[in-house]
Amino acid sequence: MKLREIAQLVDAQFITGSDHADREVARAFAADLLSDVLAMVREEGVLLITGMTTPQVVRVAEVMNMGAVLFVRGKLPTAATVEYACGTGIPLLATRRIMFETCGILYQSELSPAQRKRFPLDHDSPDAARS
Amino acid sequence: MTPRTPLVLKRIYPVISRDLEQAGVVSTAVRRELLGLGMSPDVVRRASVVCFEGEMNMVLYTRGGRIILLVKEDRVEVLFSDHGPGIADIDLASQPGYSTAPDWARELGFGAGLGIHNMQQNSDLFKIRSRVGEATVVRATILLGIPFF
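Residue numbers (numbering that gives the first Met the number 0), protein chains in the order written: chain A, 0 to 130; chain B, 0 to 148.
What the hints contain is simulated information worked out from the structure, not anything from laboratory work. Treat the numbers as computed from the prediction; the structure is a model and nothing was measured. For glycine and all other residues, C-beta sits at the position ideal for the given N, C-alpha and C. Do not take every clue at face value.
Stated by the list, open to error - Here are the simulated distance ranges between beta carbons:
1) A:Glu109 x B:Gly35: 28 to 38 Å
2) A:His19 x B:Ala87: 29 to 39 Å
3) B:Glu106 x A:Ala25: 24 to 34 Å
4) B:Asp18 x A:Cys85: 40 to 50 Å
5) A:Gln7 x B:Ile15: 39 to 49 Å
6) B:Gly85 x A:Glu109: 28 to 38 Å
7) A:Ala79 x B:Arg62: 21 to 31 Å
8) B:Tyr97 x A:Thr77: 37 to 47 Å
Stated by the list, open to error - Here's a subset of chain A near chain B, in silico, CB distances under 7 Å, partners left out:
9) Arg3
10) Ser34
11) Leu37
12) Met51
13) Thr52
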């Protein structure tokens, strides 16, 4: 799904990187806990949906080579963070919708969940369809 | 003992305690260095994640120190060396979910107690040495050409 379509679906605006509006992202991961993002996302080009707006969000996205960051709940990162994101080429989007709505809309529109590592509750038969 | 192999690249980065504005910059710098060397995306990602977790740990919990990136012909080594306070029980600190993080660290999206575990998961060789009241040194090694399970 193109970032442009994602932005339309969840009424998001590009904070930076609107020139990458045609970038395709196939999967998404939603979390406020950056430790989980670092620990569980294992592919590149994933859309990160988060309510965290610290500079570390963009650095995590850069380190994990993510496709874009979508901030929820109407939160906006600081100017310094936006400026930093410009240099990394990672588009930042923001929506007033809460994370639950944002994820629900995108899931319904057939954006896939990010492939992830095994969770503690996976036991012996992990979610076979995903891993 | 690890065999000595020729050094391809060495970089030393200072890490300042509690400098939240800059926390993460070393990891992005390491990532760029590795990308510049033409490393595989998997190696770059793993080294970056290891570096990020280690860097955040140093910023959040230590008195600062430095991160040394060593690229050898067969491996990438990331060394984390801090000025204390040291880790009393390394096994306990390595357990997923164990955390001593203050609220302000949790508010930043960290402090879930996954850091050291995540570093281990992304390393092929991983060693922590610590002396309470003095310092901690962590060596994380990623071997090139060995697939990640």
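Violations among the numbered hints, reported as their numbers in ascending order:
2, 4, 6, 8, 9 and 13
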